[in-house]
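Chain A is already provided as a structure; the job is to place chain B on it using the hints.
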Amino acid sequence: MKTNDLALFRQWLTVVLWGFFLVGQVLLFALERLSGRLFAYLVWLWLVPIVLIWLVLLIRHVRFWGQWRGLVLAWGICTLALVIATRRAEGWLREGAMLVAFYTLLAGWFAAFALILRRDVSIVYLVLFFLLGPLYFRAQMVMAGSVLGIFTGGPTGGEAVPSPLDVPMLLLACLLPLGLLGFGFHFLRLLWREGRRWPLASPQRSAVAEEGV
Amino acid sequence: MPLPRVMTGSPSSARLNVLALPSLTGLLFALQALVIMGAALASLLPDSRIGWPLILLPILLLTLRDFLQEPERLVRRYRLGPAPEAAPIEALVAELSRAAGLRPPQVLVGTMPVPLFSFGSFRRHGLAVGRASVPWLRGLILSADAEERRMARVLIAHELAHFANRDIQVAGLARSLLKMTALYTLFSLWVALVLVMLLLAMGPEITQERFWLELGQSTGIPGLNLLPLHDALKAYKPDVWLLLADPGDNQLETQMAIVYLSNVFLPFILALPILIGVFWRKLIRVREFYADAYAAAQVGGADVARLITDTIALFRAHLYLLPMPVRGWHRWRQLPATVFAWPTPVGLLSYAPRPEERAAALAEPLRLFGAPWQMALWTGLAVLLLELILRNSLTVLYITQPGAHLALLTAATVFSLWLLPRLAAGLSLRQLLPAIGSMVLVFGFLKLVPYLLDGLFLALAFLSGRLHTVGLMLDVYLRAQIGLSAPATDSLFAWSWFVEWHLLRPLAYYAWFGLPLLLAFLLVNAGLWRGVLTWYACGHRIRLWLWLWPGVQLIGAAFIFIPVADRLFFPAFYEATPLFWLLLSGSLLLMLGAGLLFALLHRRWGCRCPRCGGRVPGPFRPGKRCPHCQTLLHPWLLAPYS
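Chains as they are written, first to last, in numbering that gives the first Met the number 0: chain A, 0 to 212; chain B, 0 to 641.
It should be emphasised that the hints constitute simulated quantities derived from the structure, not laboratory data.
The beta-carbon is built from N, C-alpha and C at its ideal position, and this holds for glycine as well.
Watch out, some of these pointers could steer you wrong.
[As the list claims (entries may be wrong)] Pairwise CB distance ranges (calculated):
1. B:L232 with A:M142: 20 to 28 Å
2. B:L223 with A:V82: 46 to 54 Å
3. A:Q66 with B:D144: 30 to 38 Å
4. A:S201 with B:D230: 52 to 60 Å
Here chain A stands alone, though its shape is the one from the complex (with noise of 0.2 Å):
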């Protein structure tokens, strides 16, 4: 197959499973009104073809999940639909906004997978937890009452909708191990490019480099 060819299909794979991913979201949006375990199940047996599906997309061709900004309009949207399905929205809208929010934790977790493999922001990932980590655990005893209470839910017992305030707990949960695994991936690359004598700059790269992208 041609290179022009290869590229055509890619783009039109992209395409079909993105469309295939968002009737998905759709059709688990539908059986949410379906009871218990059926639901669950279908849940599960869809969402793990979905995320690989969408790792690879998020990875190979949607270059966007693989910056800064990317992670920071995934999480800031899962913490907006949060606010929204916790304090203002009733009904549809609260589903709706639940759904949201638990699609973009997701994105948010993928775009700073995809980061990291893109680039090597492993010590960033790294500094942010152990930067914020232990101020937010302090914050989060101080509201729970004691250490016990931010995992039992405080002292009045278990929240049954989760709150925007587990959002920075959920994304430094992903980072650490992220960053440490990315470390260690990025060091072997190195190495690797080191030995093989890794042209600095190629031809190609140049261009994208004049481009400004």
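Just chain B, lined up with the frame of chain A:
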């Protein structure tokens, strides 16, 4: 102002080839690495009580990562890439690299306003040229004027020299080591302080067994019992566990913790600006002298030293005329580099030597090593910074300090290597004696500065009549430094102890033993090296033999003289263990064997012509020839340029 020309009637027509001797760049790198890694290396001593690989490994990994990343970072920062218009530059780079036996670096052209500079890592090398400089450099390379073509060769050879002399690796590793240590230290201080606050707040709850039981139940996993984790943590640090369980006066605990942690990190925070601001820049300046010498050797021809000076002046003039088309965001991104690259009036802070210094170093290579007191100052400063770091709370508590050993052995090594070029230039011991004396005195003064300051502190406390109050404050400080926070019942501090161990014994140790030992070491080593330099019949292997004798002397100092003196001056700290006697006797035998070997080799190779075998009387000096067959002796020690 016109640049001064190189003196044509230099003192010695045969110049010393500094590229064949241990470089000052390497020495400066070793001193910086010693300061940063000293505490970590000291932790490798047998009775160390801390797992420093946990601290050493992150620093090493972060340093290596930063160093390996740097070339690509520069490519991005200056938007470097291959360009067809740089073909003549690539051809010249390939030609000169081939001639020097180097792998040619990748020639990259940058859209950002960059001068000509070499960069890279261990195996990936690049040569960056600003797009605005390409036509100018092409013009020189393709010029009809032979002098201009030579100027282009000088510029490229100078940059290639940074690869040949391993400057890229040495300067890059030093930069990465200092940068990562600085960042790691500041970040660790922040994390440690925040974690201490958090632990003190959580302590009363998490030290209860009930917490671990309920935490296990809250996970919802049937049968999960977290009590063993509680027991393990309690057994790991029982005293800390008790403190956390009942912090008592929380404010006092917090203050003591802050003092303790500041003591751990403050020495690094104080030492790093000096290392980054002064030591590293000195290294960057010194490597330019070696690159000039290399370029002179590569280009050769008549009056090459003058040619280099003229080329530098021409290149600087060209740089001043370059347009600076920096726009938008990139202007702000360049700001830190621009600020730090500003030429400073103070020589210590500048990145490049002055043109007249470069010309002088080409004319008389020994000048690049500086005056003896300067070398003593650099070494003494490095040793002081190392001692500052070794006095932090962590090292005081958990690792055995190398004490006076490290300072004396470092000074002996550095000063010996500094003396080698002078010996190779044919200076006699009598001529070197003032230099050796001034080095020992300056180093000794610097080494004793902390003790003299202690004495001044004592005098001020005594004269102001606040000896008791100051003693109480020092007692609190000592408690904080070793992590004690319980109410003071017995004083840890006593002025008699202070006077004896901080004033009298150290002063006596250095006056009666340390400095005489250093002086003797340097004189003996200079004598031995002066002898080895007459081993003409030995050939090129002489470079290996040169290293053996200071090595043997260092072993003798480390395992015979210093341990014996330690046991005489500090009997309370050092015991005569079987290991001590074993090392002492082994080292004595080694030194005896080395002495016999030296005598044998000197008899075999000393003062003999490598070609005719005839006797060559007198000491070595550059350009010396065999009186019988006129063979040039040690030609590798002669700079191959005029």
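*Should the hint that L232 of chain B and M142 of chain A are 20 to 28 Å apart at their CB atoms be regarded as holding?*
Given about 25 Å between the Cβ atoms, the range holds.
*Taking 46 to 54 Å as the hint, is the beta-carbon distance of L223 of chain B and V82 of chain A inside that range?*
Cβ of L223 of chain B to Cβ of V82 of chain A: about 34 Å, so the range 46 to 54 Å is violated.
_Holds or violated: the 52 to 60 Å window for the beta-carbon distance between S201 of chain A and D230 of chain B?_
Given range 52 to 60 Å: holds, Cβ gap about 58 Å.
*Has the hinted range 30 to 38 Å been met by the Cβ atoms of Q66 of chain A and D144 of chain B?*
With a Cβ separation near 51 Å, Q66 of chain A and D144 of chain B fall outside 30 to 38 Å, so the hint is violated.
The structure does not agree with the numbered hints 2 and 3 stated previously, though it agrees with the rest.
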